[in-house]
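Peer 1: With the first letter of the sequence shown counted as 1, position 229 gets the number 262 in my numbering; the numbers rise by one all the way through.
Read the hints as simulated data drawn from the structure, not as lab findings. Certain hints may be false.
[Said to hold, decoys possible] Cross-link-like lysine-lysine pairs, in silico, DSSO-like; alpha carbons within 30 Å at most:
| hint | residue 1 | residue 2 |
| --- | --- | --- |
| 1 | 155 | 304 |
| 2 | 337 | 88 |
| 3 | 351 | 337 |
| 4 | 88 | 304 |
| 5 | 326 | 85 |
| 6 | 109 | 326 |
| 7 | 361 | 351 |
| 8 | 155 | 109 |
| 9 | 112 | 155 |
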Amino acid sequence: MGIGLAFIAVLGLIIFAYIGTDILGLDSLFAIVFPYAAVLIFIIGFIYRVVKWGKSPVPFRIPTTAGQQFSLPWIKYSKIDNPATGWGVALRMFFEIAFFRSLFRNTKAEILNGKLYIGSNKWLWLGAIAFHYSFLIILIRHLRFFVAQTPWCVSIIDSVDSFWQIGLPMLYMTDIIIAAALLYLLGRRIFNPHVKYISLPSDYFPLFLIIGIVTTGILMRYFARVDITSIKELALGLAYLKPTVPEGIGSLFYIHLFLVSVLFAYFPFSKLMHMGGVFLSPTRNLANNNRMKRHVNPWDYPVKHRHYEEYEDEFREKMKKAGIPVEKE
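Please take these sequences and the hints and turn them into a complete structure.
Peer 2: Below is the structure:
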(Lines of atoms letter the chains of each structure in order from A and count residues from 1; the text may use other names and numbers.)
(Lines give C-alpha, C1' and ligand atoms only; values in the text may rest on other atoms or scores of the structure.)
Protein backbone atom coordinates (compact mmCIF):
# COMPACT_ATOMS: atom_id res chain seq x y z
CA MET A 1 0.00 0.00 0.00
CA GLY A 2 2.80 2.41 0.95
CA ILE A 3 4.76 1.81 -2.24
CA GLY A 4 1.65 2.33 -4.36
CA LEU A 5 0.81 5.66 -2.73
CA ALA A 6 4.36 6.93 -3.14
CA PHE A 7 4.53 5.84 -6.78
CA ILE A 8 1.17 7.44 -7.59
CA ALA A 9 2.25 10.66 -5.86
CA VAL A 10 5.45 10.95 -7.92
CA LEU A 11 3.63 9.97 -11.10
CA GLY A 12 1.05 12.66 -10.35
CA LEU A 13 3.83 15.24 -9.97
CA ILE A 14 5.25 14.25 -13.36
CA ILE A 15 1.85 14.48 -15.04
CA PHE A 16 1.20 17.82 -13.32
CA ALA A 17 4.47 19.26 -14.64
CA TYR A 18 3.83 17.92 -18.14
CA ILE A 19 0.32 19.36 -18.33
CA GLY A 20 1.43 22.67 -16.84
CA THR A 21 4.24 23.23 -19.33
CA ASP A 22 3.41 21.33 -22.51
CA ILE A 23 -0.37 21.93 -22.56
CA LEU A 24 -1.07 25.02 -20.45
CA GLY A 25 2.19 26.80 -21.25
CA LEU A 26 2.97 27.79 -17.65
CA ASP A 27 6.71 27.79 -18.25
CA SER A 28 7.39 30.74 -15.95
CA LEU A 29 5.61 29.04 -13.06
CA PHE A 30 7.72 25.90 -13.31
CA ALA A 31 10.96 27.63 -14.30
CA ILE A 32 10.94 30.54 -11.84
CA VAL A 33 8.23 30.45 -9.16
CA PHE A 34 8.51 26.82 -8.08
CA PRO A 35 12.36 26.74 -7.93
CA TYR A 36 12.57 29.95 -5.91
CA ALA A 37 9.80 28.80 -3.56
CA ALA A 38 11.48 25.42 -3.12
CA VAL A 39 14.86 26.94 -2.26
CA LEU A 40 13.21 29.33 0.20
CA ILE A 41 11.33 26.49 1.89
CA PHE A 42 14.52 24.42 1.98
CA ILE A 43 16.60 27.15 3.65
CA ILE A 44 13.95 28.20 6.19
CA GLY A 45 12.94 24.61 6.94
CA PHE A 46 16.53 23.44 7.30
CA ILE A 47 17.41 26.26 9.70
CA TYR A 48 14.20 25.68 11.67
CA ARG A 49 14.88 21.97 12.10
CA VAL A 50 18.51 22.49 13.11
CA VAL A 51 17.63 25.24 15.61
CA LYS A 52 14.81 23.12 17.04
CA TRP A 53 17.15 20.17 17.47
CA GLY A 54 19.79 22.44 18.96
CA LYS A 55 17.34 23.62 21.62
CA SER A 56 16.49 20.06 22.67
CA PRO A 57 17.83 19.45 26.19
CA VAL A 58 20.52 16.80 26.56
CA PRO A 59 21.16 16.69 30.32
CA PHE A 60 23.11 13.43 30.21
CA ARG A 61 25.85 12.05 28.01
CA ILE A 62 24.43 9.16 26.00
CA PRO A 63 27.06 8.34 23.35
CA THR A 64 26.82 5.01 21.58
CA THR A 65 29.57 2.80 22.97
CA ALA A 66 30.79 0.19 20.52
CA GLY A 67 34.20 -0.54 21.99
CA GLN A 68 36.36 -0.63 25.11
CA GLN A 69 35.85 2.44 27.31
CA PHE A 70 38.78 4.48 28.59
CA SER A 71 39.66 3.46 32.13
CA LEU A 72 43.33 2.98 33.02
CA PRO A 73 46.31 4.16 30.95
CA TRP A 74 47.64 0.62 30.46
CA ILE A 75 44.30 -0.70 29.13
CA LYS A 76 43.90 -0.05 25.42
CA TYR A 77 40.58 1.56 24.61
CA SER A 78 38.70 2.21 21.37
CA LYS A 79 39.49 5.81 20.43
CA ILE A 80 37.00 5.91 17.55
CA ASP A 81 34.09 3.73 18.64
CA ASN A 82 34.22 4.85 22.28
CA PRO A 83 35.98 8.23 22.31
CA ALA A 84 36.89 9.87 25.59
CA THR A 85 38.23 13.17 24.18
CA GLY A 86 37.08 15.87 21.81
CA TRP A 87 39.61 14.81 19.18
CA GLY A 88 38.28 11.27 19.40
CA VAL A 89 34.76 12.55 18.83
CA ALA A 90 35.94 14.59 15.82
CA LEU A 91 37.61 11.49 14.37
CA ARG A 92 34.50 9.42 15.00
CA MET A 93 32.28 12.02 13.32
CA PHE A 94 34.62 12.21 10.33
CA PHE A 95 34.52 8.46 9.72
CA GLU A 96 30.78 8.41 10.32
CA ILE A 97 30.03 11.20 7.85
CA ALA A 98 32.64 10.40 5.21
CA PHE A 99 32.59 6.59 5.26
CA PHE A 100 29.39 5.57 7.13
CA ARG A 101 31.48 3.64 9.67
CA SER A 102 28.58 2.50 11.86
CA LEU A 103 26.70 1.21 8.81
CA PHE A 104 29.85 -0.60 7.65
CA ARG A 105 30.06 -2.39 11.00
CA ASN A 106 26.35 -3.12 11.03
CA THR A 107 25.20 -6.74 11.22
CA LYS A 108 22.02 -8.54 10.28
CA ALA A 109 20.34 -11.41 12.10
CA GLU A 110 18.16 -14.09 10.52
CA ILE A 111 16.52 -17.26 11.77
CA LEU A 112 16.99 -20.14 9.34
CA ASN A 113 15.76 -23.65 10.17
CA GLY A 114 15.25 -22.62 13.77
CA LYS A 115 18.79 -21.29 14.22
CA LEU A 116 19.90 -17.70 14.64
CA TYR A 117 22.51 -16.55 12.14
CA ILE A 118 24.34 -13.24 12.47
CA GLY A 119 26.33 -11.91 9.55
CA SER A 120 27.65 -8.76 7.96
CA ASN A 121 25.49 -6.35 5.99
CA LYS A 122 28.07 -4.85 3.66
CA TRP A 123 25.75 -4.65 0.64
CA LEU A 124 23.63 -2.04 2.39
CA TRP A 125 26.74 -0.02 3.20
CA LEU A 126 27.97 -0.29 -0.38
CA GLY A 127 24.61 0.75 -1.82
CA ALA A 128 24.30 3.69 0.58
CA ILE A 129 27.80 5.03 0.04
CA ALA A 130 27.55 4.56 -3.74
CA PHE A 131 24.30 6.51 -3.83
CA HIS A 132 25.44 9.36 -1.59
CA TYR A 133 28.78 9.96 -3.30
CA SER A 134 27.29 9.65 -6.78
CA PHE A 135 24.60 12.15 -5.81
CA LEU A 136 27.25 14.52 -4.43
CA ILE A 137 29.37 14.33 -7.59
CA ILE A 138 26.33 14.91 -9.79
CA LEU A 139 25.42 17.99 -7.73
CA ILE A 140 28.97 19.33 -8.10
CA ARG A 141 28.87 18.70 -11.86
CA HIS A 142 25.65 20.71 -12.09
CA LEU A 143 27.44 23.79 -10.70
CA ARG A 144 28.68 24.55 -14.20
CA PHE A 145 25.16 25.58 -15.15
CA PHE A 146 25.04 28.27 -12.46
CA VAL A 147 28.32 30.08 -13.17
CA ALA A 148 29.45 31.79 -16.34
CA GLN A 149 32.85 30.08 -16.33
CA THR A 150 33.16 26.49 -15.12
CA PRO A 151 35.47 26.26 -12.04
CA TRP A 152 38.61 24.17 -12.51
CA CYS A 153 37.62 21.77 -9.73
CA VAL A 154 34.30 21.04 -11.44
CA SER A 155 36.13 20.45 -14.73
CA ILE A 156 38.46 17.96 -13.05
CA ILE A 157 35.56 16.07 -11.47
CA ASP A 158 33.75 16.07 -14.80
CA SER A 159 36.82 14.66 -16.58
CA VAL A 160 37.36 11.92 -14.00
CA ASP A 161 33.67 11.01 -14.02
CA SER A 162 33.72 10.56 -17.80
CA PHE A 163 37.23 9.10 -18.21
CA TRP A 164 35.87 6.03 -20.03
CA GLN A 165 34.98 8.34 -22.94
CA ILE A 166 32.23 6.03 -24.13
CA GLY A 167 29.74 7.46 -26.60
CA LEU A 168 28.87 11.03 -27.42
CA PRO A 169 27.97 12.70 -25.15
CA MET A 170 30.40 10.80 -22.95
CA LEU A 171 29.01 8.38 -20.40
CA TYR A 172 29.33 9.39 -16.75
CA MET A 173 30.21 6.67 -14.24
CA THR A 174 28.05 8.29 -11.59
CA ASP A 175 24.97 7.98 -13.80
CA ILE A 176 25.38 4.21 -13.85
CA ILE A 177 26.32 3.95 -10.18
CA ILE A 178 23.45 6.07 -8.85
CA ALA A 179 20.92 4.20 -11.00
CA ALA A 180 22.19 0.84 -9.72
CA ALA A 181 22.29 2.07 -6.11
CA LEU A 182 18.73 3.40 -6.29
CA LEU A 183 17.46 0.13 -7.76
CA TYR A 184 19.20 -1.77 -4.95
CA LEU A 185 17.79 0.47 -2.21
CA LEU A 186 14.30 0.21 -3.70
CA GLY A 187 14.59 -3.54 -4.22
CA ARG A 188 15.70 -3.97 -0.63
CA ARG A 189 12.50 -2.34 0.58
CA ILE A 190 10.37 -4.41 -1.81
CA PHE A 191 11.92 -7.88 -1.52
CA ASN A 192 13.32 -7.91 2.03
CA PRO A 193 10.30 -8.91 4.18
CA HIS A 194 11.74 -7.38 7.36
CA VAL A 195 12.42 -4.01 5.75
CA LYS A 196 9.18 -4.10 3.77
CA TYR A 197 7.17 -4.62 6.96
CA ILE A 198 8.43 -1.39 8.55
CA SER A 199 8.52 0.71 5.35
CA LEU A 200 6.09 3.61 5.11
CA PRO A 201 5.03 5.85 2.21
CA SER A 202 7.52 8.42 3.56
CA ASP A 203 10.28 5.86 2.91
CA TYR A 204 9.25 5.12 -0.67
CA PHE A 205 8.38 8.67 -1.74
CA PRO A 206 11.90 10.17 -1.71
CA LEU A 207 13.22 7.05 -3.45
CA PHE A 208 10.71 7.34 -6.29
CA LEU A 209 11.27 11.11 -6.40
CA ILE A 210 15.04 10.75 -6.80
CA ILE A 211 14.54 7.91 -9.30
CA GLY A 212 12.35 10.29 -11.32
CA ILE A 213 15.01 13.00 -11.16
CA VAL A 214 17.79 10.63 -12.21
CA THR A 215 15.68 9.09 -14.99
CA THR A 216 14.73 12.43 -16.52
CA GLY A 217 18.33 13.60 -16.25
CA ILE A 218 19.63 10.50 -18.02
CA LEU A 219 16.96 10.83 -20.70
CA MET A 220 17.94 14.44 -21.35
CA ARG A 221 21.65 13.66 -21.60
CA TYR A 222 21.71 10.46 -23.64
CA PHE A 223 18.39 10.09 -25.45
CA ALA A 224 16.15 13.17 -25.73
CA ARG A 225 18.49 16.00 -26.67
CA VAL A 226 17.72 19.36 -25.07
CA ASP A 227 19.05 22.86 -25.66
CA ILE A 228 21.90 23.09 -23.12
CA THR A 229 22.54 26.75 -23.97
CA SER A 230 18.97 27.73 -23.10
CA ILE A 231 19.09 25.65 -19.90
CA LYS A 232 22.30 27.37 -18.79
CA GLU A 233 20.76 30.76 -19.60
CA LEU A 234 17.83 29.89 -17.34
CA ALA A 235 20.11 28.57 -14.58
CA LEU A 236 22.31 31.67 -14.68
CA GLY A 237 19.26 33.90 -14.49
CA LEU A 238 17.99 32.01 -11.44
CA ALA A 239 21.40 32.16 -9.75
CA TYR A 240 21.83 35.90 -10.32
CA LEU A 241 18.19 36.68 -9.43
CA LYS A 242 17.50 37.83 -13.00
CA PRO A 243 15.39 34.97 -14.28
CA THR A 244 14.39 34.68 -17.90
CA VAL A 245 12.60 31.80 -19.60
CA PRO A 246 14.19 30.95 -22.96
CA GLU A 247 12.12 29.39 -25.70
CA GLY A 248 12.28 25.75 -26.73
CA ILE A 249 13.64 24.13 -23.58
CA GLY A 250 11.09 21.30 -23.61
CA SER A 251 8.72 19.77 -21.09
CA LEU A 252 11.17 17.00 -20.10
CA PHE A 253 13.51 19.56 -18.54
CA TYR A 254 10.64 21.23 -16.70
CA ILE A 255 9.59 17.86 -15.30
CA HIS A 256 13.17 17.33 -14.13
CA LEU A 257 13.34 20.81 -12.60
CA PHE A 258 9.95 20.45 -10.93
CA LEU A 259 10.92 17.13 -9.32
CA VAL A 260 14.13 18.73 -8.05
CA SER A 261 12.07 21.62 -6.62
CA VAL A 262 9.75 19.16 -4.87
CA LEU A 263 12.77 17.35 -3.41
CA PHE A 264 14.19 20.63 -2.07
CA ALA A 265 10.86 21.65 -0.53
CA TYR A 266 10.24 18.18 0.91
CA PHE A 267 13.76 17.79 2.30
CA PRO A 268 13.45 19.64 5.66
CA PHE A 269 10.28 17.76 6.61
CA SER A 270 11.46 14.26 5.77
CA LYS A 271 13.91 11.63 6.92
CA LEU A 272 16.40 13.12 4.47
CA MET A 273 17.20 15.65 7.21
CA HIS A 274 19.64 13.12 8.64
CA MET A 275 22.14 15.13 6.58
CA GLY A 276 21.92 17.86 9.22
CA GLY A 277 20.81 15.72 12.13
CA VAL A 278 23.93 13.57 12.17
CA PHE A 279 25.92 16.55 13.47
CA LEU A 280 23.49 17.07 16.36
CA SER A 281 23.06 13.46 17.49
CA PRO A 282 24.09 13.12 21.16
CA THR A 283 24.86 9.46 20.53
CA ARG A 284 27.63 10.53 18.16
CA ASN A 285 28.90 14.01 19.07
CA LEU A 286 29.66 13.50 22.78
CA ALA A 287 32.72 12.02 24.42
CA ASN A 288 32.15 9.07 26.72
CA ASN A 289 33.90 10.49 29.78
CA ASN A 290 31.24 9.79 32.40
CA ARG A 291 33.76 7.94 34.58
CA MET A 292 36.40 10.65 34.16
CA LYS A 293 34.30 13.73 34.82
CA ARG A 294 31.21 14.41 36.91
CA HIS A 295 28.41 15.93 34.86
CA VAL A 296 25.83 17.82 36.88
CA ASN A 297 22.36 18.21 35.43
CA PRO A 298 21.99 21.97 34.79
CA TRP A 299 18.22 21.70 35.34
CA ASP A 300 18.53 20.27 38.85
CA TYR A 301 16.74 22.36 41.45
CA PRO A 302 16.92 22.17 45.26
CA VAL A 303 14.48 19.54 46.46
CA LYS A 304 12.60 20.18 49.69
CA HIS A 305 13.17 17.07 51.76
CA ARG A 306 10.57 15.75 54.15
CA HIS A 307 11.65 13.67 57.13
CA TYR A 308 9.72 10.69 58.34
CA GLU A 309 8.90 12.41 61.63
CA GLU A 310 7.10 15.18 59.75
CA TYR A 311 5.25 12.63 57.65
CA GLU A 312 4.16 10.69 60.72
CA ASP A 313 3.04 13.84 62.54
CA GLU A 314 0.75 14.66 59.64
CA PHE A 315 -0.76 11.21 59.11
CA ARG A 316 -0.43 9.62 62.58
CA GLU A 317 -4.15 9.28 63.25
CA LYS A 318 -4.86 7.85 59.82
CA MET A 319 -1.96 5.42 60.19
CA LYS A 320 -3.32 4.20 63.52
CA LYS A 321 -6.78 3.65 62.06
CA ALA A 322 -5.22 1.69 59.20
CA GLY A 323 -3.22 -0.45 61.64
CA ILE A 324 0.14 0.90 60.54
CA PRO A 325 2.68 0.99 63.40
CA VAL A 326 3.92 4.43 64.42
CA GLU A 327 7.00 5.49 66.34
CA LYS A 328 5.22 8.08 68.48
CA GLU A 329 1.83 7.67 70.11
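Peer 1: Hint by hint, work out which the structure violates, then give me just those numbers in ascending order.
Peer 2: none
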